[in-house]
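**Q** Sequence:
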Amino acid sequence: MRSKTLRSLALKTALILTTLAVLSCGPRLPKSLPLDQNPVFTAGIGWLVVTQAYARVKAEPEGSAADVGHLRGGDVLAVQGRERDPKTGVAWYRINLGGAEGWLTKDQAAFLESRDAAERAAGRYK
1 MRSKTLRSLA
11 LKTALILTTL
21 AVLSCGPRLP
31 KSLPLDQNPV
41 FTAGIGWLVV
51 TQAYARVKAE
61 PEGSAADVGH
71 LRGGDVLAVQ
81 GRERDPKTGV
91 AWYRINLGGA
101 EGWLTKDQAA
111 FLESRDAAER
121 AAGRYK
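Numbering-wise, the sequence shown is residues 1 to 126 according to this note's numbering.
In short, the hints are calculated from the structure, not lab data.
Take these hints with a grain of salt, some might be off.
In silico DSS-like pairs for lysine-lysine, Cα to Cα no more than 25 angstroms straight-line [what the hints assert, rightly or not]:
#1 K126 with K106
#2 K87 with K106
#3 K58 with K87
Predicted, not measured: the structure shown is a model, and the values here were computed from it.
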């Protein structure tokens with residue numbers, strides 16, 4: 001009787017293992033998982049590369065605002081914020097310029113998701 005019980009247990013175990021082996025066969029999962037850019041991981045909203053030879057940095061996000069500084073083509077900066085001028089529809093990027101806040105228009109710089117991409121692109125504008 002003990003031999004029948006062991007045989008029955010072995011048969012059930014083999015059946016369960018075979019079922020698990022068959023059910024686990026399926027499409028393979030990818031070895032890597034592409035992740036979207038996330039400000040937590042990219043240290044901010046994004047990065048800018050100045051695309052003009054010289055760009056005027058404004059005190060406010062409007063064309064008539066006072067200049068607070070200048071940048072050269074190829075300079076790379078972290079974006080602190082974005083705003084659109086409701087009157088003109090021009091997009092502005094808020095940046096930190098040596099401890100002071102300043103604004104650049106979308107026409108003066110290229111927006112990139114990561115610092116690495118911005119630094120690679122900077123060579124085209126120097």
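**Q** Work down the list of hints and note, for each, if the structure agrees.
**A** Outcome of the hint check:
Between the alpha carbons of K126 and K106 the distance comes to roughly 18 angstroms, so the proposed pair stays at or under 25 angstroms and holds. A hinted pair counts as satisfied when its Cα atoms are at most 25 angstroms apart, and K87 with K106 qualifies at roughly 15 angstroms. Note on K58 and K87: the hinted pairing holds, with a Cα-Cα distance of about 17 angstroms set against a maximum of 25 angstroms.
This entry satisfies every hint, going by the numbered hints stated previously.
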